[in-house]
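Visitor: Each chain is listed here by its residues.
Number of protein chains: 2
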Amino acid sequence: MSDSSIFNRRKFLGASLAGAGVALSAKQTLAQAKPDPLITDVQDWQRYLGDGVDKRPYGTPSKFEKNVIRRDVPWLTASPESSVNFTPLHELDGIITPSGLCFERHHSGIAEIDPASHRLMINGLVEKPLVFTMDDIRRMPRVNKIYFLECAANSGMEWRGAQLNGCQFTHGMVHNVMYTGVSLKTLLDEAGVKSNAKWLMLEGADAAGMNRSLPIQKGLDDCILAFAMNGEALRSEQGYPLRAVIPGWEGNMWVKWIRRIEVGDQPWQTREETSKYTDLLADGRSRKHTFIMDAKSVVTNPSPQAPLKFKGRNVLSGLAWSGRGTVKRVDVSMDGGRNWQSARLDGPVLDKSLTRFYVDFDWSGQEMMIQSRAMDSTGYVQPSKDELRKVRGVNSIYHNNGIQTWLVRANGETENVEIG
Amino acid sequence: MSDSSIFNRRKFLGASLAGAGVALSAKQTLAQAKPDPLITDVQDWQRYLGDGVDKRPYGTPSKFEKNVIRRDVPWLTASPESSVNFTPLHELDGIITPSGLCFERHHSGIAEIDPASHRLMINGLVEKPLVFTMDDIRRMPRVNKIYFLECAANSGMEWRGAQLNGCQFTHGMVHNVMYTGVSLKTLLDEAGVKSNAKWLMLEGADAAGMNRSLPIQKGLDDCILAFAMNGEALRSEQGYPLRAVIPGWEGNMWVKWIRRIEVGDQPWQTREETSKYTDLLADGRSRKHTFIMDAKSVVTNPSPQAPLKFKGRNVLSGLAWSGRGTVKRVDVSMDGGRNWQSARLDGPVLDKSLTRFYVDFDWSGQEMMIQSRAMDSTGYVQPSKDELRKVRGVNSIYHNNGIQTWLVRANGETENVEIG
Chain A
41 MSDSSIFNRR KFLGASLAGA GVALSAKQTL AQAKPDPLIT DVQDWQRYLG
91 DGVDKRPYGT PSKFEKNVIR RDVPWLTASP ESSVNFTPLH ELDGIITPSG
141 LCFERHHSGI AEIDPASHRL MINGLVEKPL VFTMDDIRRM PRVNKIYFLE
191 CAANSGMEWR GAQLNGCQFT HGMVHNVMYT GVSLKTLLDE AGVKSNAKWL
241 MLEGADAAGM NRSLPIQKGL DDCILAFAMN GEALRSEQGY PLRAVIPGWE
291 GNMWVKWIRR IEVGDQPWQT REETSKYTDL LADGRSRKHT FIMDAKSVVT
341 NPSPQAPLKF KGRNVLSGLA WSGRGTVKRV DVSMDGGRNW QSARLDGPVL
391 DKSLTRFYVD FDWSGQEMMI QSRAMDSTGY VQPSKDELRK VRGVNSIYHN
441 NGIQTWLVRA NGETENVEIG
Chain B
41 MSDSSIFNRR KFLGASLAGA GVALSAKQTL AQAKPDPLIT DVQDWQRYLG
91 DGVDKRPYGT PSKFEKNVIR RDVPWLTASP ESSVNFTPLH ELDGIITPSG
141 LCFERHHSGI AEIDPASHRL MINGLVEKPL VFTMDDIRRM PRVNKIYFLE
191 CAANSGMEWR GAQLNGCQFT HGMVHNVMYT GVSLKTLLDE AGVKSNAKWL
241 MLEGADAAGM NRSLPIQKGL DDCILAFAMN GEALRSEQGY PLRAVIPGWE
291 GNMWVKWIRR IEVGDQPWQT REETSKYTDL LADGRSRKHT FIMDAKSVVT
341 NPSPQAPLKF KGRNVLSGLA WSGRGTVKRV DVSMDGGRNW QSARLDGPVL
391 DKSLTRFYVD FDWSGQEMMI QSRAMDSTGY VQPSKDELRK VRGVNSIYHN
441 NGIQTWLVRA NGETENVEIG
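Taken in order, these protein sequences are the chains called A and B. What the first sequence shows, in the working numbering, is residues 41 to 460, in sequence order. What the second sequence shows, in the working numbering, is residues 41 to 460, in sequence order.
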C-alpha cells in the first residue's frame, strides 16, 4: 500500500464503483429474463478434486483474501523495529481478532524467545524472591478471559482534525482475543507481597527492556500473565512465551516477553510513563497516570476502505469498548449527530471486551455523515472530539476516544471528515 | 509423524522423561546454591533488535511451536482428498480453536472458490425461488455465535476398544469458533417457505456436491449460513465463502461451500444419510436421523501426546460439550471411576460450545486412571463405552460419546486404555 493511499480525501475510484449499485440487483430471481451464467455453468471447483488434508498442517487464509492484512505506515517512525502496524478492522466481523491480524507495536522489534530458556523473576518487596520457568507457570491454576487491548496512541493523529483515511489507520491499534494464563495475584501470593508494597514494575525481555509501573491493587485485581491467545500459544509479536494482560488499561502496560516483576512502594517513573504515554496539556502540564482506556466506538463499515457499494438494504457495522466495564448501548447517527438511533449489539457483550454492533438500513443514495457513540456500564458517554479538545488541548497523541465521523458520498465513496 | 506413533502402547521415551520431574524443581528461589545461568545471562533477544512490523502482514506462530499442527493418518482413507485430519487438542487451551488448527474433513478435497462467482440458490417448495450473490448475503442482518462442530465419526475407532494413542486422534475431530453470518430463517423467509415444507436439502459446491437433509424446524430455529469464523473470512477448508452452521448437530450436516438449499416435504435419503452417517446396530438395523451430538468430554492434559513431566503441582485440563445445551458439570476421576471430583469450569460456558475444565492437583508419582464425565443442562450424563456398546453394539463408527480413560504411569507416560 503506497503512503499516499492512507491520507484523507484521496482521489476516489468513483467511476467504476458508482455503477455497481445499479449493475447488480440486491437479489436475482430464477425467473429473470437473462439468467446469470454462474447459476447454470459448472465451475472448476465442482469439476476437479481440491487439495487434500495433507497439504496444510497449519492453515492460512484463502488466496482471495490476500488484501486482509496488517498495514504499517513507513514514514510514521524512524524504523520498523520501533513502530506499529494496524488491524484491518474494516475486513473483520464478530468480536474475535484473528491472531495473525492483531496489530503490533514494538520498541525494539519482535523478540524471538526460546520458551525453554525464558524465566520470570519476582523480586523487591516480597517475602521470597522467585524465579519461574514456563513449565512452572503452566503448572499453576489457569484462567480464560476475552479482553480488548488498545494502544494509548490509537486515533492519536486525529486530535488535530481528520488525518487518516480508513478505520484501519484511525482505530486499528486495538485487538480482542481470548487469553489463557495465570492470574498475577496467584504469582504474587506465591512470593508473598510485603505490607508496604504499593507498585509493581513489569519488565520485558526484548532489547528495549520495555518496562512500566503498575499500581499493585490493579495487579491483584484482574491482571493475568498469559501464555496463550485464541487457544494457541501467544504469537511472537504479542509477547511469546508470556505477556501481561492488564484489562481495560492502555496497551503499553501489557508488557510483552515479560521476564521480571519488581515489587516496590512507588512508581519507577520509567521513560514509558514520563516522556512518553503522558498527555501534554495546553498549559504545559501533563496528565499523570492516565491508565484506563475510556469508552469508544467506531463504525467499521462503511468506512473509507470499505465504501458503500449498493443502494437499498445495507448493514452498518462497528465496534465499541470500554476500559471501565461493559458496553451498555451504542447510538448511531447518519446525519452528523442531529438524530441518533440505538444500534443492535450482537454476540457476547463482555467486560472490557470489544462489542459488535449493527444497524440494518436502506440507503437511497443520499450523502450521510455517519457517527457512533458508545455508553458504558458506568453511564459514561463517549465525547465528541471538540469536547475532548476543550479539556485536553491539541498537544496530546494519547487517549483520543472522540466520536469519529465518516462522510458517505452519493456514489458510496466514504471519507474521514471533521465536524462540530 | 510416522504411522506407528499414533498407535496405542507404543514404546515410550521413558528414560529421558522420567528424570524431568526431579531435574527441575517446581520453582527456584534466588537464594539457591547454584544460580540458574539463564537468570543472569543476557540472551540474544535482549542484545539485538528483532524483526520489525513490516515483516509479517499476516502473522504465523512462533518457530518454537512448529509441532502444533493438524495431523492426518494416511492409511485411514483411500486418498487425502477424501479424508480427515485432526485438531491438536492437547496443545490448545481456552475454548477457541485457532482457524489454522481446526480439523478438516473433505469428500473431494478443498474447493477453492472465487467469492465473486459463488451463488446460493433457494428453490423447491418456496413462493419465490432466489439466487444470492455473496454481496447480497453480506447486506442481510448478521448474527455472531460460538459453536462446536464435531464429526459424527469422532472417537469412532474407539468403539471396539482403545485404539489410538492421543486425544488429537481419539477426539480431535472437533473445533469451536465464533461464526458470523445470516440466520437461515432470514434467508428462508425471503424466499417464502410453503406450508407443506418439512425438510431442507443443503448442497455444497465442491466436486462431491456434498448434500444432506435437514428438518426445516431446525433450519428455522438456530441455523446460520456463515461467511466468517473467528473474525475473518471462513478458511477455504472450512467452506469459504459460505458454510452451514447447524448448532449441536453432526459435522457432516454443516455443508461447506454451500450453493443450494432445496425446500421439500421429505428427506432426500442422500448417500451421506443412508449408507454413511447411520449407526449399524447389532441386529443389522440402522438408527435413523441421529443428528444430535450428545454430551461428551475428554481430558486433553495429561494425555498420551502430553505426558506428566513433574511431580508436585499439576494442572489437569480438558474439554466438554453437548449438542443439547450447555455443560452443567464435569466430574473427573483419577482412579478409573471409583472416586469422582467436580472439575472447575473456566471461561465462557455457552450453549453448544466447547467448555474448558481444570483440576488443579498434586501428583506424588502414583499410577492413575484418568477419566472425565460431562453432564449437560438437560441432566444427561455422558455414559461409559460399555453402556453405549450394550445399546448400540460394536458395528458403528459414529456417535461414540463414551468416557475416555488415560493410564498415567509412574514415569508420567500416558496411554489410551480400556476399562470396565
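Hints may be right or wrong, so weigh each one.
Computed list of lysine to aspartate or glutamate pairs in EDC-like fashion (alpha-carbon distance at most 16 Å, straight line) [what the hints assert, rightly or not]:
#1 B:Lys168 x B:Glu198
#2 B:Lys103 x A:Asp334
#3 B:Lys106 x A:Asp154
#4 B:Lys351 x A:Asp175
#5 B:Lys349 x A:Glu131
#6 B:Lys95 x A:Asp175
#7 A:Lys351 x B:Asp175
#8 A:Lys106 x B:Asp229
#9 A:Lys103 x B:Glu312
#10 A:Lys95 x B:Asp229
#11 A:Lys368 x A:Asp402
#12 B:Lys103 x A:Asp402
#13 B:Lys328 x B:Glu302
#14 B:Lys106 x A:Asp402
#15 A:Lys351 x A:Asp426
#16 A:Lys103 x B:Asp229
#17 A:Lys103 x A:Asp81
Just some of the chain B residues that point at chain A, by a computed CB distance under 10 Å [unchecked claim]:
#18 Leu132
#19 His158
#20 Asp176
#21 Pro181
#22 Asn251
#23 Pro255
#24 Gln257
#25 Leu260
#26 Asp261
#27 Arg275
#28 Met374
#29 Asp375
#30 Gly376
#31 Trp380
#32 Ile437
Here are some of the chain A residues that sit facing chain B, going by a computed Cβ distance under 7 Å [as the list claims (entries may be wrong)]:
#33 Gly92
#34 Val389
#35 Gly419
#36 Val421
Quick caveat, the hints were computed from the structure, so don't treat them as lab data. All C-beta atoms in this analysis are idealised placements derived from N, C-alpha and C, irrespective of residue type, glycine included.
Visitor: Tell me the numbers of any earlier hints that the structure contravenes, in ascending order.
Guide: When the structure is compared with the hints, numbers 1, 2, 5, 6, 8, 9, 10, 11, 12, 13, 14, 15, 16, 17, 22, 23, 24, 25, 26, 28, 29, 30, 31, 32, 34, 35 and 36 turn out to be violated.
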